[in-house]
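**Q** This is what each chain is made of:
Number of protein chains: 4
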Amino acid sequence: MVSFESDYIAGAHPEILKSLQETNLISLSGYGTDIYTSRAKEKILKSCALAEGDVEFLVGGTQTNAVVISTMLSDHEGVLAAATGHISTHEAGAIEYTGHKVLTLPQENGKMIPDSLKKYLADFYADGNHEHMVFPGMVYLSHPTEYGTLYSRQELEAISAICREYGIPLYLDGARLGYGLMSHGSDLSLPDIARLCDVFYIGGTKVGALCGEAVVFTRGNKPRHFLTSIKKRGALLAKGRLLGVQFDALFTDDLYFRISRHAIDMADRLKDIFETAGIPLLLASPTNQQFPILENTFLERLKEHVAFSFWEKYDDTHTVVRFATSWSTTEEDMDALEEALKKISGKY
Amino acid sequence: MVSFESDYIAGAHPEILKSLQETNLISLSGYGTDIYTSRAKEKILKSCALAEGDVEFLVGGTQTNAVVISTMLSDHEGVLAAATGHISTHEAGAIEYTGHKVLTLPQENGKMIPDSLKKYLADFYADGNHEHMVFPGMVYLSHPTEYGTLYSRQELEAISAICREYGIPLYLDGARLGYGLMSHGSDLSLPDIARLCDVFYIGGTKVGALCGEAVVFTRGNKPRHFLTSIKKRGALLAKGRLLGVQFDALFTDDLYFRISRHAIDMADRLKDIFETAGIPLLLASPTNQQFPILENTFLERLKEHVAFSFWEKYDDTHTVVRFATSWSTTEEDMDALEEALKKISGKY
Amino acid sequence: MVSFESDYIAGAHPEILKSLQETNLISLSGYGTDIYTSRAKEKILKSCALAEGDVEFLVGGTQTNAVVISTMLSDHEGVLAAATGHISTHEAGAIEYTGHKVLTLPQENGKMIPDSLKKYLADFYADGNHEHMVFPGMVYLSHPTEYGTLYSRQELEAISAICREYGIPLYLDGARLGYGLMSHGSDLSLPDIARLCDVFYIGGTKVGALCGEAVVFTRGNKPRHFLTSIKKRGALLAKGRLLGVQFDALFTDDLYFRISRHAIDMADRLKDIFETAGIPLLLASPTNQQFPILENTFLERLKEHVAFSFWEKYDDTHTVVRFATSWSTTEEDMDALEEALKKISGKY
Amino acid sequence: MVSFESDYIAGAHPEILKSLQETNLISLSGYGTDIYTSRAKEKILKSCALAEGDVEFLVGGTQTNAVVISTMLSDHEGVLAAATGHISTHEAGAIEYTGHKVLTLPQENGKMIPDSLKKYLADFYADGNHEHMVFPGMVYLSHPTEYGTLYSRQELEAISAICREYGIPLYLDGARLGYGLMSHGSDLSLPDIARLCDVFYIGGTKVGALCGEAVVFTRGNKPRHFLTSIKKRGALLAKGRLLGVQFDALFTDDLYFRISRHAIDMADRLKDIFETAGIPLLLASPTNQQFPILENTFLERLKEHVAFSFWEKYDDTHTVVRFATSWSTTEEDMDALEEALKKISGKY
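Going line by line, the protein sequences match chains A, B, C and D. In terms of our numbering, the first sequence opens at residue 141 and continues consecutively. In terms of our numbering, the second sequence opens at residue 141 and continues consecutively. In terms of our numbering, the third sequence opens at residue 141 and continues consecutively. In terms of our numbering, the fourth sequence opens at residue 141 and continues consecutively.
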C-alpha cells in the first residue's frame, strides 16, 4: 500500500547506501575517529560557513536533544520551549530524565512567539523570589516545527537577539531542517541558522539516512569532554563510521538539499491534490508534512488505500491526520493518492 | 595496513548489507513495529528455545546495559559486577548516570567468582545495618568477559542458583556472545544461557552488524511500558527496521554462528602465530580476543606493520596489547601478521 | 517590626520547644527508631482514623514532594499538577531532578478542576501514540493551595474517584493542612482526606514546628525499603527524634488544630482590617494567607511599618502582596497593622 | 540503660537549646537570610582564618555530601574516595543518585594513602583510552575517618598537593571534625584544614546540634546559584534559623571545641577501661569512636547492661563493636560501664 505515514518509512537514500557499501570493507578505528567522520564534519562546517564550529554525530533526535540540553545547561537551569515543542510533549520525558525542567511558553502554529519569550525573561528577573524557581538557561526551537511551520529570518533574529541579551544559548532542533531550508516559504539559509543559533542539529534520520543527526556547535562552545558525556548517556556508537559515512554522502553533491527539495516538490503536489479534493488543511505548512482534516467515515475509507498518521481529534466528526513526503515519495504514490481520493468521493 | 584493532573495524557482514539493500525501498512503520523486527524476534526466541520470552532491540552495548539495568532495578538497589566488568570500568559511569551504584566483587581472569558472590550476599543480609547500604538487586556478568574468558556451565549454574536463592535477576552482557558460544572451550549453548539468565543480550555490533543488540527477557519479565522507558533514555530508533533487518539476517541460516565460528578459527591461528613467535599471552582466552605481552621496542616496530590496541602496562619494559578477530579477518591478514613478526624477529 | 511575611517567621510553638527540652537528655537510637517517633505515628494514624496506614517523617516540603513522588511513580510516569502547583513553579525543578516530568493542567484560583483532569486522562488514553508521551502516574494537589484556597469535599471526592478509575494515586501536599482543616470554609476532615487520598503529608514547618512533615500512606502502599530511598535522597535525619518529638507534641491535646485555629482567627481579623481600610483582596482565601492588592506608593509606605511578602504584579500601579498568620501572630500584631493602615490613609 | 551507641543519642547541647529558646519568638525571614545565620557564617570563617571563604548550612551529612559533590563535579567526572569512605559504603548510593560514580582507592585504617592517589591519577592520564572512563574530578576524605582515625598534617599536605597538581578539588567530610581537631593525636588545626582543602564541612549533628552541617568553601569557589541547587535537591530549610542559631551557639565561646574536647576526654577513659578489662581494640583510634573486639558470649552479656553498636564480624567467636562518646557522655556512664565489665568478668 502507498504510504505517507512518515518521512522515515523507507531505508536510506540509494546514494547513502552505496557509500556504506563502498566503504564496508575498509578497516577503520571506532568511535568517530575515522576519516569519513572527519570529512563529513568538514563538509558540514563549510555548508554552514562556520570557521570555528564543531560537529558531533549522534544517533537519533530525542537522544540528541537530551545530550545537547543536559550537557549545556547548568544545574539550576531548565530549557524554554513552545508548549507544542517535541521535547515538551513527545519525548517521553527524556529531558526531565536528565534532571532538568522543560519550561513552556505559549505557541502559535507550533512556533514560539518572540514577545512571549521576552516577557517571560523580563518577568523572571523582575521577580525577587526567583531563586526558588528553575532558571531559564536555554531556548529550544524546532524548525520546521512539529506542525511543519517555519520561523522567518526576522523571527529567528528576534529570538536570537533576546537570547544573547540574556546570555542564554539558542538551540534549534533541525530533525527536518532540510525541508525547512528547501521550502519556498523560507528566507533562512544554513549559514543564517549557524550565525543565529549557538547550537543546532541537522537531522539525518528524517532526511534520507538510516539514522544519525549532526550537532553543530557554532562558536567554540562544545562542552568539555563531550565524548565522555556522550558515552555516559549510552549514545556513542562503536562503529562511528555508520554516521560519518552517511553524513559524508549527505553533504556530497548537495544530496541533503536535493532530498529535501524533492520532498518539498512532492508536498506541493500533495497540497494541490487536497485542494482539488476539497479537503481543508489544518494550517498552511510550507514543508514536507501536511495536516488534512478528514471527515471520520471518509478517513476510514481512505485508510483502505493509503497509509498516513493520526494527528489529533478535530471535532466530533473530523480528525486531523498527517501526510509526510520524503526522498522515497514518488509521482506514482501521488497518482495513487489522487485516484483513491477520487474513488472515495465517488468521482469515478 | 592490516588491522586487528578490534572486532568493529569493518562495516556489516555482506549478508547483512544485502538484506538492508533488498528491503531498502519497502515502506515500513517506525519504532520497531515492522515485519522484519517481528521476524527477527521470533527467530531469536527459537534459537534460545524460549517459549515465553521477549526480545527488544537497542543500538549499542553501553546503552543496552544502562537501559536494562535501570529499568529492572528498584530504587534502593544497585548491580553487582566483577571489578573488571565493563559497566564498572569503561562505560563512563553510564549506570551511575541512571542513579544506581555498581557494586564490585573480586574477579579472576575477568570472571566473578561464585563463592565471592555467595559470601557478599550472605554478609549483606547478616549485617543489621544494611538499610543504609545499596541493596544488591541484580548480578551482571559479561560473557565472554573483557579478557576474552568464559564461564563454564557449572559456574553459570552456580551463579544462577545463588541469584534465584536471593531472588535477584541474573543479567548477562553478551556484547561478544557469539564468540563465547562458538568457542571450543565452551560447554554453554544459547538455550543454556536463556535458561540460566533472567535477561541477557546478544551482541550485534561486535558480531557483524553495523550496530544493534538484542535484549532477551527470558521469563515474561520485560519491564512494563519498556518502549516508553527506551524512548525516555533517547534509545528508540525511528527506523527500527535498521535493527530488525540486521538481526533477521543474523539469525537466518545461522549467520550469527558462522560469523562467530570464523572469528574463533582466526583466533586459533592467531594463538599459533604468537606461540611460534615465542610471544607469551597474558591469559588463555578461548575467544576472539587475544592479549599478547610485547616487549616495548618490539611493540613499536610491530605497530609499523599491523594495527592493534593498547590494553595495559605489564611492567617497565613490556605492554599487554589486544588483537581481535572478526568476520572480516582473513587468512591474508594472518599471513601478513606472521610475516611482520618474522621480519621484526630477524627471521628473514 | 511587626511581621506577616510568612507562617515560618518564628521558631517552634512553645509546647513543642518544651517537649524538645524535656526529652533532650534521654538516650535514644537514631534514624526514627525512637519511642517518640513511634508514638507520634500512632497518634497521627488515630487522628486520620486509619487502620492500616503508615507514617514517615521528613524534614521539609520540597523534600517530601520529591521523595514521595519519585518513589511512587514508575519509570514511564509523570505527575499531574495544577499549573500553579508548588511542584510546578517554586521548587527549583526538584521533581524533574528525580527524572520525572510535572504535567500541568489548567487551574482556577490555584485549584485543579476535576473536569480538566478527567478530560486529560480520557484524551491521553484515546490517543494511539501515547507511548512516546509521559504517562500520567499520579495526581498532585496542594490543600490549601498556593493561593490559600480549598477543595470542597465534593471536589476532592470527584478527583479521588477519577484517580481510582484510572488506577493512579492521589497525593495531597498539606504543607499548610491544618489551616485548611480549621478553616470555616472547609467541609473536609482529616479522616476524609485520609479516605480520599492515597498519600498525603501533614505539614509541620508551617504549622508550628521547627521543621518536619508527616507523610501518611493510607492504604498499605508505602514503597518497599522506603527508609533506604529516603537515605539515598539525603533526607534521613540521624537524630530522628527531632521530628518524632515535635509531631508527638503537635498531636497531643490537639495542638496541631489549636495552632491552626488560632491562625484562622487571626486571618479573619486580617480580612476585616483590609475591608475596613478599603483594600481589596485578590481572591477570597478562607485560610491563613491573604493577598491584598496594594497601590504601589501605599505599599512602599506600609513596608516601613509592617513586613509582608511580594506576591505578584497586579497592574502598572498595583501589586499583590501576601500576609500570613500563624501560631505566633498576636492581637497586638493586628492592632499594629490597623494603626499603620490608618496612619498611612491619613485617618489619624 | 547507659548508652554508647553513637554520638547522636541525645538531643542538643544545653547551650544550643538555650539559644533556640531565647531566639524563638523573634521574627526572622526564612531560607537562611536571618541575622543568626549571617553571624554564624562570620564566626566560622574567623575560626577558619579565611578571608574570602563562603559558608552554607545544610541539614545532614549524606545530604551535604550529595549536594557538595554533585554541584562541584563536571558531567564527565566522579569522586575518588577510600574504599571504606562513608560515601562508598553507607549512604545508600546517594552520590550515584546524582549521576556520578564514586571511584574507590585502597585504604589503610580507613584512610586514603597519598601514594595510591598519586598512582591512580598518573595511570589514569597515562592510559590513552580514558575518554571511556569516569574522570577523577574530586578527592573525598573523611576526617576523622569511619574508623576514628586521623590524617596527619603531612598526609593532608601530600594529598592536597596532589589535588592541586591535577587541578581537582579536595573535599573533606568533617561529620565529626571537632573530635579530630581536639584529639591529642592531631597536629591539624581548623585553619590548616581550611588552607589545605577546597571545600569541607564542619559537622553539627554529631557534635552537639539537633541537626546541621556547615559547608565551607575556602577559595571563592561556591557553585553559582548554590541556593537554587540546594532547593532543587530538597535540602533548603524554610526556617533556616534552626541551623543559623545552632551554629552561632556552637561557635560562641568555643562551644564546638569544648564539646569535642569533653568527648575526647571520655574516650580516653574508655580506652583505659577496655585496657584494664583486657579487651583489645581493633585499631588505635585517637577520637571519640572506639572499636573493642568482644568475645561473642561476653558481648551478649554486656548488652544487658550497656548499649553500643554492632560494627563488623571479627572471626567466628568475636565481634567488633563501636562505642562512641559525645557531649552527653558523663563520668557516671563510665562508672556504669566499668562496673558492668567487672561484673561480667566475675571480678565482683
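Honestly, I wouldn't trust all of these hints.
As the list makes no split between identical chains, a pair holds if one copy fits it or if it spans any two.
Simulated crosslink set (EDC-like; lysine to aspartate or glutamate; CA at most 16 Å straight-line) [as the list claims (entries may be wrong)]: (1) K453 <-> D263; (2) K483 <-> E192; (3) K259 <-> E452; (4) K258 <-> E471.
Since the hints were made in silico from the structure, they are not lab data. Just so it is clear, the structure is predicted and the values come from calculations on it, not from any experiment.
**Q** Work down the list of hints and note, for each, if the structure agrees.
**A** Against the structure, the hints come out as follows:
no.: 1; hint: K453 <-> D263; result: between (35 Å within a copy, 9 Å between copies)
no.: 2; hint: K483 <-> E192; result: neither (56 Å within a copy, 45 Å between copies)
no.: 3; hint: K259 <-> E452; result: between (30 Å within a copy, 14 Å between copies)
no.: 4; hint: K258 <-> E471; result: neither (45 Å within a copy, 45 Å between copies)
Checked against the numbered hints above, the structure violates hints 2, 4; every other hint is satisfied.
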